[in-house]
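There are 2 protein chains.
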Amino acid sequence: MAIQVTILGANSAIPTATRFPTSQVIDINQSRYLIDCGEGTQMQLRRHRVRLQRIKAIFISHLHGDHYFGLIGLINTMHMLGRQTELDIFGPPDLKQVLDLQLKLADTKLSYKWNFHPLNFGEPEVIYEDTGVTASTIPLDHRIDCNGFLFQENKKKRKIRRELIPELNIPVEQFQNIKAGADFVDDKGVLHPNSTITEDPKPSYSYAYCSDTKYNESIVEVVKGADLLYHEATFLEDMIKRAEFTHHSTAKQAATIAKMAEVGQLAIGHYSARYTDFSDHLKEAKAVFENTQLATEGKVFSLPRVKPKKKEVE
Amino acid sequence: MAIQVTILGANSAIPTATRFPTSQVIDINQSRYLIDCGEGTQMQLRRHRVRLQRIKAIFISHLHGDHYFGLIGLINTMHMLGRQTELDIFGPPDLKQVLDLQLKLADTKLSYKWNFHPLNFGEPEVIYEDTGVTASTIPLDHRIDCNGFLFQENKKKRKIRRELIPELNIPVEQFQNIKAGADFVDDKGVLHPNSTITEDPKPSYSYAYCSDTKYNESIVEVVKGADLLYHEATFLEDMIKRAEFTHHSTAKQAATIAKMAEVGQLAIGHYSARYTDFSDHLKEAKAVFENTQLATEGKVFSLPRVKPKKKEVE
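Protein chains in written order, with the working numbering: chain A, 451 to 764; chain B, 451 to 764.
Only chain A is shown next, with the shape it has when bound in the complex:
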């Protein structure tokens, strides 16, 4: 599949014996990225059999502990396992101070190069690009500076109709141009418009991650039409005042954003530790936006959607 999101932890501030704080691993066309890294994330990665060293980049939304206290342990373990590959870390500027200090006090010089990318807040910005994906920030409204992240698969190239390659004698060196949209002139000087010799590429998907935030309609425009939106839903609707006060959202508010943004699917998580059952979260959200699912620990979301496999309980 194009994008796969695995929920490593979905609890808000206070972890319990069996519920870990926020972290998600995203697989986009075989590349791995980590979003947030609460305490215990490295154990959760192992539990879900994600190879730590395959993670290319880590994105930290904000400096509340349930979103980053596991980061120093993870990068330290990558070092102890002898990582050589560079690692990109994106997060609030002050995060670097914390990591630098803890590495210095342990007298640790990491075995690999890490590139820290301090993020701005307030306006959406493209922060990362590789061959498969472009990531940008989603400004959120929390008690301290906080960004969500939008991952968009890059537009894929058109596919040359295989049977025409020998028929029209298309030379290999023309393949890239044609995939990029160029027409082709054959040996006899006949022009073949691109549309006649290629097929549409596979669709590109997008995933928007929004945690933590109070209800904030300015998110809508940024995540408009995303195939999958994760939106925090710390509380039920009867605690809307508490949500407002703590700069969090209710399940209904998350669904309202999903509906306004006309996303494909909504995943809700970051549950307050006061709840032991999330069926009311789901009910309240579904009343507003039907295509909602709980982002509980271990859950895997796939784009395009596939039929349930082992771990998936769609």
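Rather than coming from a laboratory, the hints here were simulated on the basis of the structure. Hints should not be assumed to be uniformly reliable.
You can't tell identical chains apart in this list, so a pair holds if it fits in one copy or across any two.
As the list claims (entries may be wrong) - Cut-off 25 Å, straight-line C-alpha distance, at most; resulting in silico cross-link-like pairs (DSS-like, lysine-lysine):
#: 1; residue 1: Lys652; residue 2: Lys629
#: 2; residue 1: Lys559; residue 2: Lys546
#: 3; residue 1: Lys554; residue 2: Lys664
#: 4; residue 1: Lys563; residue 2: Lys609
#: 5; residue 1: Lys554; residue 2: Lys709
#: 6; residue 1: Lys664; residue 2: Lys559
#: 7; residue 1: Lys629; residue 2: Lys606
#: 8; residue 1: Lys674; residue 2: Lys609
#: 9; residue 1: Lys691; residue 2: Lys559
#: 10; residue 1: Lys709; residue 2: Lys638
Position chain B against the provided structure of chain A, taking the given hints into account.
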């Protein structure tokens, strides 16, 4: 019992999906103390049903992550659960910087007062005293500054022979003096020597915690005669060079220290992640010091020793 030590985590540097880094909770006459606090300790405390808020003081041996990366999460959770009781934290001086910085960046002012006690290195020092226990440092030899901790139950008071209280008409206001060793003169002017009206107190026990350290005979004098010694045993004897190089110990070295110090029992832990079975650690240690046990996760050690209960597998 007088002292109870519960092993919350016993792995060295690299945690795995099921093995947590170092932390131990000690119960001494109903008071709780925590030694070291690797990542995930707060989840382990909950798993072992230890109430976080009952912990009076935390002792951190050194600033390698597997011994303290869980501390900021734990003190943060204590805050979020509304702790009011003061908390004492003992550790290397620089530890305060890390905690201060992380609290500042999260804009968190803890709900309780925490008293940070920076420790010295090099000489054993008494660092903590309350009505039940006296704790002192055990200087260790590791790659960075590191202390072990010796917990000694305070000498208990003598017990007045109950049947003599009415017989000799001993007034309540004399009880404390007599328990402290005073003689008693009754209404008729007869002197009753303390030894005739009291019984010996219950014995006082001691627990010595030594992690992390290379083989270091100067420990022997400090832990001499301890009822229970925990000594790290990261490696087996065939990796003695690696132990020396990384400033760790082998199981046999741990046992040698136990034997020289004539302790009551030895517990070994802090196993390298390369081992999945610790029976060879036990075998190598027992060959030198028979009364050795593995300090695996969840194991409970009691002083005085009691017959196995639910969780104990002595």
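A quick look at each hint next to the structure:
no., hint, result
1, Lys652 x Lys629, "within (12 Å within a copy, 86 Å between copies)"
2, Lys559 x Lys546, "both (15 Å within a copy, 21 Å between copies)"
3, Lys554 x Lys664, "between (36 Å within a copy, 22 Å between copies)"
4, Lys563 x Lys609, "neither (37 Å within a copy, 65 Å between copies)"
5, Lys554 x Lys709, "neither (47 Å within a copy, 37 Å between copies)"
6, Lys664 x Lys559, "between (39 Å within a copy, 21 Å between copies)"
7, Lys629 x Lys606, "within (9 Å within a copy, 85 Å between copies)"
8, Lys674 x Lys609, "neither (28 Å within a copy, 77 Å between copies)"
9, Lys691 x Lys559, "between (46 Å within a copy, 22 Å between copies)"
10, Lys709 x Lys638, "neither (54 Å within a copy, 93 Å between copies)"
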